[in-house]
Amino acid sequence: MLGVFICQCGTNISATVDTGAVAAAAAGMRGVAHAESIQYTCSDPGQAAIGAAVREKRLDRIVIAACSPRMHEATFRRALERAGLNPYMMEMVNIREQCSWIHADTGEATMKAVDLVRKAVARIRAHVPLQGGKTAAVRRALVIGGGIAGIRAALDISAAGIPVTLVEKSPSIGGNMARLDKTFPTLDCSSCILTPLMVEIKQHDHIELMTNAEVDDVRGLVGDFQIDIRRRSTCVDEEKCTGCMICQEKCPAPAPDDFNAGLCQSKAISVAFPQAVPLVASLRKQYCRRFNGGKCRLCQKLCPAGAVDYGQEDEVVSRSFGAVVAATGYGHYDWTGSYPTFGKGLYPDVITSAQYERLLSASGPTGGLIRRPSDGAEPRQVAFVSCVGSRDESAGRPQCCSVGCMYTAKQAILTKEHIPDSQSYIFYIDMRAGGKNYEEFVRRAQTRYGAIFIRGRVGRIFPRRGKLVVMGTDTLAGDQVEIEADLVVLAAGLTAAPGAGELARKLNIACDETGFMAEEHPKLRPVEAAAAGVFLAGACQGPKDIPATVAQAGAAAAKVIGLLSRGELETSPMVSAVNPSRCAGCFKCRDVCPFGAIDKDRLADGLVTARVIESLCRGCGICNAACPPGAISLNGYTDKQLLAELVEVLR
Amino acid sequence: MPGKDVKIVGFLCNWCAYAGADMAGMARMEQPAGMRIIRVPCSGRVDPLLVLKAFQEGADGVLVSGCHPGDCHYGSGNYLARRRLELLGRMLPALGIEPERFHYTWVSASEGARWAEIVNTFTEAIKDVDEGS
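The listed protein sequences derive, respectively, from chains A and B.
Each residue of the first sequence is one higher than the one before, counting from -10 in my numbering.
Each residue of the second sequence is one higher than the one before, counting from 13 in my numbering.
The shape of chain B in the complex, shown without the other chains (with noise of 0.2 Å):
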């Protein structure tokens, strides 16, 4: 079974990349088991505190999605989020952690293929770096 061991924490907000993965379960589109979905309100609510105390907890990945450009809910969460998170991202190398194993990313209500497809490349790149470590 492909992700057996890899656990990932998903930070999805709740008006399109959780609802997307929904639209996924609809679909019954099959997916690695190592994912854990985190409702938020919205990508912007997402501290990136928060993703490196899934780091600091052991997660082998931290997702974050929400809204495309354009869609968010509340206007620019996904923006404000944006902004945060590719920080965060460049930060990571300093803290010793690969930057393969954090990705952000915009899924839609009704992307439910384009989710099961992220879950399924996402796992894949971190058992990647699990192996070349």
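Chain A with its partners taken away, still in its complex shape (with noise of 0.2 Å):
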């Protein structure tokens, strides 16, 4: 017996689809019982009329009509468990974002509607009981990435109880949080904030710290990864080194300081920054002189613990985890190739917003002094140029970077205070200051720090008698304006961080079109990833500010401890199963399962068929099309239900 029952969904779907027409047309189907039109199906009296429906009328199979199946396919089946039935004895059908949403005309949307339904009522009678098994969980987990989201995640994990390996692929934790000065709205020392934090990491007895380390290679499902992570040789005994930074002090070769955002050199053997977690140098081969053709040991000779060793070779660690974070953090924008009208990088003192930041810093290259870097000199007019690269169309960039507006804001403030008799200028789209107080804290910049917002794109930039000349529309006033300025900070764009879809593909998860994670539902499931275990905390999935950060880590980290706390976890049903009495032994199936999810089975007669092994079954149906005979079929997904729905949509 057939219960069916349409969602209005609001009127998110009975706006365009008749669904009371739906209805009617369903109770007509062979074997429906019972069909009925509900204002929210997946709401608690929904839920409480299927239940009601299933006991008055003794229904056996359930078909909702509704919103995708990727949205509200676990709740229903929850619910046909509460009802007493077997959960996979439901089929959802898409009458919200493949119907509703996207036609206009009602009559044509109803007859689609209609044709839907009754393609899942023919297809949900051949459905059979299906019962998931349940599997041992590792009690371990990876974070991927050691910045505020991956520091902040592998801290609540740990806290309960579950190890975790937390892996970085620089040399030091911290990630970008740790390059800042100041952060806003509240102007906490950014470093007093996430020092602490780094600390805790390297003294946690749970967590096991990887640095210069990346994820190399991924197999095995949820509850049980097996990951290889490749710790980069770095020359450096990192139990050996002290951090005392003689090798550093002595390299005679020069590399960029990607800490201080290439506004000074360090060298080929450094320390990240005076703060890094682990305090331990590392070499970087391509600048090194000795990996270069010369003759220099000077840091071996020199280093006084004995820890600089040229042999030393990568490292493929391998474990097991039970569930995986990633917290790879963001890239920032190279603006220099879409704003040729800014000087494409050739004027010194037209800076980024991030080299800005290490300019503030009293741990950065002028020990906290404002110096441009052309000359050296104490800049006494500022302009702040938002949204470069965000929000603009042109340089294919349509997205908000989320944070410029404030970070501009806070520069503005923090010009002030260093240099007291200093004008600082921004120009800006619109000022977007939606945080808790946010808008306070910009409405300060301009009333107490006297900074002067222009409301308005600029359109070029260009030297003038050792100034900069900003030259943009002031859209408020109606007319152009033009700043000379002594520097210039572009508020450029958050990207991906690089790398960052190759590690994706690697975890078998979606990035959007901007390239950064994708969430599975931005708010049913905000930090789950596409494959099951895999979460997202931070600015790997979007651009977001600090407390954002903090708060995506938190969550992700409560769904790895629910997901590993009851030490087992429930597999899915949906797996293939052998007919042995039609299969030829021909192990088609075989050659094409990714997974090696097939075995040979001898039957008592001595004949060789195909065994799904159902713990490494993952429910592609890939053998199901390849097999000859059709002995090998995808629970769900048999080509009885398939032809069954063919047959249907095309009456």
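One or more hints might be untrue.
[Claimed, not checked] Computed, partial: chain A to chain B, Cβ under 8 Å:
no.	residue
1	Ala98
2	Val581
3	Gly585
4	Ile611
5	Asn613
Rather than coming from a laboratory, the hints here were simulated on the basis of the structure.
Ideal Cβ positions, reconstructed from N, Cα and C, are used throughout, including at glycine.
Both chains come to you apart, so use the hints to assemble them.
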């Protein structure tokens, strides 16, 4: 006996689809004992109505025409379970995302909805009750990325007694936040918040920290990922190095200073920054004289701890993890290609806000004194340009960086604090200050710190008599403006972190069109990635500020704890099964199976047939399509079910 | 209304194309109403015989869509699908089916606009074939 429920979804569906008519049509379909239209089927009264109909009419299978199954399939399976039915005796029909929302004509949309319901009614007749199994979950989590998101997630997961491995690509954890001077809207010193957490990571009994390390390969699935982590050779023994920096002082080979955003030079062997965790040196071979044909061995000779080892090689460490948190943060948009009228990066005093942050910082190359790069002079007039590579269709970057307005206001405040007789000008499109106490903060930049906000875009920046002329429009005054500045700071947009796409591919999760990793649903599953057991924390999912990053990291940690705390996981019963009486023993299924889930089975009469190893099967159904005699079929997507759908939609 | 009389069966993989079609819905991208989507776990699940069966049952067109090469949720399902479907496409004229009526393509979970565009152009292409014959 079949029950059909047509959801109105408020008016989301019923505005375009005549749900009453669909219910009436469903009532006449073969095997249907009950059909009704419900305002919100996913709500408590909606689920109760399903339960009531199941009891009253002795229904044994349910069709629900509502939103996408990607949204509420799990919800309704639970509803069936509560109603005393096997949760897999349910079929969802997508009449919202794939019907009411994409059609304007009620007649057409209703006709299509009826077609889709008929297809589900036909398909569900071939459903059989399925039972998921249980599998043990590895009680260890991998956190990828050691910025504030990864640090917070690692600490929160380990607080529940679950061991964590934290993998960081660069020589130190801390990420982008370690480069910031102060943070909005409280003007807390970034280091004062972050460095104690970095130390906690290093000292934590349950956290294994691997720096200079990257994920090489990912196998397995939720509960039991086998992951290879490559620890890159740094030519320094981490156990021996004391971080005394003698090697860095004496090293004759210059190398870019990544931590200081390229504002100054570092050395081929160096400690990333004075507060680095772990506080050890690492050698970058591409800049080292010894590795480029030279004879220099100064660092090895001078190291008092004997930590320098030129022969050190990459090491690949394999571990099992129950869950993974991706926390790879963000990268900086390279504006020089898309904004030729801003000087293509040729004017030394046109810098990015990330570089300016290092000029403001006491741990920066100027010791916290604002000195412009060209001549080391203290600037009096500082111009800030918002939205460089953000909200700019012509640069192919329509997205908002979500933090530019706030950090630009912050940098204007800090400029005034550093140089009391300075004047800041901020070119902006709109001020976006939506967070708690953000608007007040921006207002303070204007009133107390006297920053002049000019609403409009900048068209051109060019040098004139030792100054930089910033030409733009003031759209409020309806006029052209020209500011003569000593220093120009560009609020360059945020991009996905370099290498994030490659990592996403390894983890089998999706990225959106801007390159950031995609969550499953912005509200229902905001920290879940497309692969079960992989969670997202921080700016790897999209640009966000520190409070939002920390909150999301906590949410991802809670999900990991929830997943791994019970020690076992439910497995999906949507796996393949072999009908041995049909199997010809050709093993085409084994040839195509990506997971090695097909084994040989010798029957009592000596015949060899295929057998599915259910714990390895992931339910793709590739074997089903490859099997010549149709002996192997995927539960939930059998030939019978797909053919029934096909025939009905074309009726 | 475009596509009023054209009925298309679309086999969409759950992880990419089906999610992409959902994305198009979330962005309220209007599409011809003739598309009937059948959800499959992977484009590699699509047996070419299912495609032929759809034509036999009277489909005006059949579309198979899965994850972009390299992005398959199961690693290699879309590559297997590509091999099978490419061959199938070449066989269709021998069966008297215009090759324009069959299409396989890749759509990611975030490519809602791409999905809507595919439905539009495929529907138009089939209408052209119908009018030409």
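Verification of the supplied hints:
1. Ala98: Holds, about 7 Å.
2. Val581: At about 6 Å, which falls below the 8 Å cut-off, the nearest Cβ of chain B leaves the hint on A/Val581 intact, so it holds.
3. Gly585: With a closest approach of 11 Å, the A/Gly585 hint is violated.
4. Ile611: Status holds, d = 4 Å.
5. Asn613: At 6 Å from the nearest chain B Cβ, A/Asn613 passes the 8 Å test, so the hint holds.
Of the numbered hints stated above, the single one contradicted by the structure is hint 3.
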